[in-house]
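Q: Just so you know, the sequences run in chain order G and B.
Residues 1 to 387 (our numbering) make up the first sequence, in order.
Residues 1 to 387 (our numbering) make up the second sequence, in order.
Some hints could be false.
To be verified - On the chain B side, residues computed to face chain G include the following (Cβ under 10 angstroms):
{"id": "1", "residue": "Thr26"}
{"id": "2", "residue": "Cys34"}
{"id": "3", "residue": "Leu203"}
{"id": "4", "residue": "His251"}
{"id": "5", "residue": "Ile264"}
{"id": "6", "residue": "Asp295"}
{"id": "7", "residue": "Pro328"}
{"id": "8", "residue": "Arg332"}
{"id": "9", "residue": "Tyr347"}
{"id": "10", "residue": "Asp351"}
{"id": "11", "residue": "Arg368"}
Claimed, not checked - No more than 30 angstroms apart at the CA atoms, straight line, and that leaves these computed lysine-lysine pairs for DSSO-like:
{"id": "12", "chain 1": "G", "residue 1": "Lys250", "chain 2": "G", "residue 2": "Lys221"}
{"id": "13", "chain 1": "B", "residue 1": "Lys274", "chain 2": "B", "residue 2": "Lys309"}
{"id": "14", "chain 1": "G", "residue 1": "Lys221", "chain 2": "B", "residue 2": "Lys221"}
{"id": "15", "chain 1": "G", "residue 1": "Lys250", "chain 2": "B", "residue 2": "Lys274"}
{"id": "16", "chain 1": "G", "residue 1": "Lys221", "chain 2": "B", "residue 2": "Lys274"}
{"id": "17", "chain 1": "G", "residue 1": "Lys250", "chain 2": "G", "residue 2": "Lys309"}
{"id": "18", "chain 1": "B", "residue 1": "Lys244", "chain 2": "G", "residue 2": "Lys274"}
{"id": "19", "chain 1": "G", "residue 1": "Lys253", "chain 2": "B", "residue 2": "Lys244"}
{"id": "20", "chain 1": "B", "residue 1": "Lys244", "chain 2": "B", "residue 2": "Lys221"}
{"id": "21", "chain 1": "B", "residue 1": "Lys274", "chain 2": "B", "residue 2": "Lys253"}
{"id": "22", "chain 1": "B", "residue 1": "Lys274", "chain 2": "B", "residue 2": "Lys244"}
{"id": "23", "chain 1": "B", "residue 1": "Lys274", "chain 2": "B", "residue 2": "Lys250"}
{"id": "24", "chain 1": "G", "residue 1": "Lys221", "chain 2": "G", "residue 2": "Lys244"}
{"id": "25", "chain 1": "G", "residue 1": "Lys309", "chain 2": "G", "residue 2": "Lys274"}
{"id": "26", "chain 1": "B", "residue 1": "Lys309", "chain 2": "B", "residue 2": "Lys250"}
{"id": "27", "chain 1": "G", "residue 1": "Lys244", "chain 2": "G", "residue 2": "Lys274"}
{"id": "28", "chain 1": "B", "residue 1": "Lys274", "chain 2": "G", "residue 2": "Lys309"}
{"id": "29", "chain 1": "G", "residue 1": "Lys309", "chain 2": "B", "residue 2": "Lys253"}
{"id": "30", "chain 1": "G", "residue 1": "Lys253", "chain 2": "G", "residue 2": "Lys274"}
Because the hints were derived from the structure by calculation, they are not lab data.
Backbone N, C-alpha and C define an ideal beta-carbon position, used for all residues, glycine too.
2 protein chains.
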Amino acid sequence: MTSDNTATGSVGVVHPQTARFTAPLTLRSGAVLCGYELVYETYGALNADRSNAVLVCHALNASHHVAGHHAGDPGNTGWWDNMIGPGKPLDTNRFFVIGVNNLGGCHGSTGPSSINPDTGLPWGGDFPVVTVEDWVDAQARLADHLGIERFAAVMGGSLGAMQALAWSIRYPQRLRHSVVIACAPNLSAQNIAFNEVARQAILTDPDFHGGNYQLQNAVPKRGLRVARMVGHITYLSDDEMANKFGRQLKHGKPGYGFDTEFEIESYLRHQGNKFADYFDANTYLRITRALDYFDPAFASGGDLSAALKDVTADLLVVSFTTDWRFSPERSREIVRALLDNRARVTYAEIDAPHGHDAFLLDDPRYHRLVAAYFDRVAAETVAEVQA
Amino acid sequence: MTSDNTATGSVGVVHPQTARFTAPLTLRSGAVLCGYELVYETYGALNADRSNAVLVCHALNASHHVAGHHAGDPGNTGWWDNMIGPGKPLDTNRFFVIGVNNLGGCHGSTGPSSINPDTGLPWGGDFPVVTVEDWVDAQARLADHLGIERFAAVMGGSLGAMQALAWSIRYPQRLRHSVVIACAPNLSAQNIAFNEVARQAILTDPDFHGGNYQLQNAVPKRGLRVARMVGHITYLSDDEMANKFGRQLKHGKPGYGFDTEFEIESYLRHQGNKFADYFDANTYLRITRALDYFDPAFASGGDLSAALKDVTADLLVVSFTTDWRFSPERSREIVRALLDNRARVTYAEIDAPHGHDAFLLDDPRYHRLVAAYFDRVAAETVAEVQA
């Protein structure tokens, strides 16, 4: 689904597609979705034996639009465009890459803004809570739909990495590699606390109306704005924030009021406003809950090694030194549990100043590492085809 | 103002008093307060030469009620009752201790809930922004009122420590010692960011009414609640939160909804609700702004050593290893700048797991240190009297 644009390393103009699934999907909560749609994009070409597909899972606020741009909207490049394209670390000249908007999302896939067939009204607050495992199950059906029996790799950063890890646990035979970047095996109490502040800001916004704001022609923008602001604090390292904004005053001297005084305030307000204009509150609530609930070791009483015992994929685990949301120590928990199971795991801790957001940036060492890893994946894929 | 209660180490029943000041006070912002009241408490007895007074400055949400309890309300002990009392680290058998509610506060001193004499209505949003320096100036007048020329010590933790530091800069001749606990020479961009999230939650609460909510019989509780929740995350260390709450589910298993699922959520909601019931939103806004603005080195282009050049007090600087709000590194900046000026400074970094809140807890090593320091202060005081 790409136009020719290799000169710039971009996949060029891309076209979202929709897959409709009619078989009921039972969610972790016990709720059953009778049917649903997933919006997705693909880049590069699926090879003859369908062995070069890479699924890219999105994190909190992203979508199926991973690379390239939509026709007539060249500024709206995909969220991981620096990683994915011809000649890029995940090279679309070699791999067939799929981005998908998760169930419960607000970018086209079935979610709280969709029509509930039982009522003919938007789902709103009645849309069920979805989990990382539910997303993976829905993605597996998309793989079936695309005729992909086994992915060369499933890849993601942050919450996307949790999906890549869940794939390796839940469908061990359906992926050769799992690329797990800036991840944690579960949220810490502090991580949950930040999510809870964001949720309370939304849930207590008078425009939230118990999640049924669409019917009231309202949008809980105030809550979304605060939720996004608190999120952004956790995406940047303390040092990066100091370097970027420090104590810089917007007007050079204090104004002794509550308008924007410091540059950091200006940045946070801007991010909050932007987010409140495009993101859906019900989706945000559900995505943060999916983060909270993710805990593969829960079923084995906290034993992560036991939780990972059936993993057969090779794994690349990447962390960033200044990531205080999901610190390297949390990634090492995953690595240790994999090693307990004699899994084939490559671990890299990238010395980068940017905090959690580093996974989205084009740090050369980070990108060279991912490129090298996918060279290996590509070599195996070719070897497999030739064998 | 204490009843006899040495058996329990409590100062016993204490009585808030009010001092009224009629001389205008010019604030840093240029605004002038024509008159104001300060509510304060005292514990122990002022000695004959008035040399044993210790001023204790409060942090964000505290007040003049530092130790003991009010008549008929034995459960409402002062916020630093474990530190101050007969036989305690700051021993009221030796020192005359003063707690004062700061200007702009909501515990009795003149603040946004007070009547603006120009209008006959509550100040509300029109109450000026106050700074750490304004507080210190107002406290100096209270010292005059009490006949205290020079304090044996000014002491505080967190924002209270900023006041103790400001005292040593602004009134070097009026204190012998400054006790600066869990402090920073200014807020980092990340610190300001957390304050800004809290403020935006309040400012955008529809019940805020531009700060004039009293006239509308409204209270911006939703905003206060979120503000307090985000604050609490920064008071506890990540590890302490993990130890206290971990991923513990309130009902043992996930409920797949947005009610309280995790113990940490329950804790934060409880703290938020409690705070929204008693604290004033306009005060909270002003106190967080006072924190943002505090930056003694601003006038000297960021040179903290230059800012501290007139300090003559001895200083005790204390930090806590797991305090990520004001980390030990920030305290060491203060110590280094003091040493540049050959000031007499004692620095201790206490290995404590509790994060920023450690300054309020009765960690034995911490309390022994403060007790030992005040032994020295007491010995000097006595020596001075005898000389």
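Q: Taking each numbered hint in turn, which are not upheld by the structure, reported in ascending numerical order?
A: 1, 2, 4, 7, 8, 9, 10, 11, 13, 15, 17, 18, 19, 25, 26 and 28
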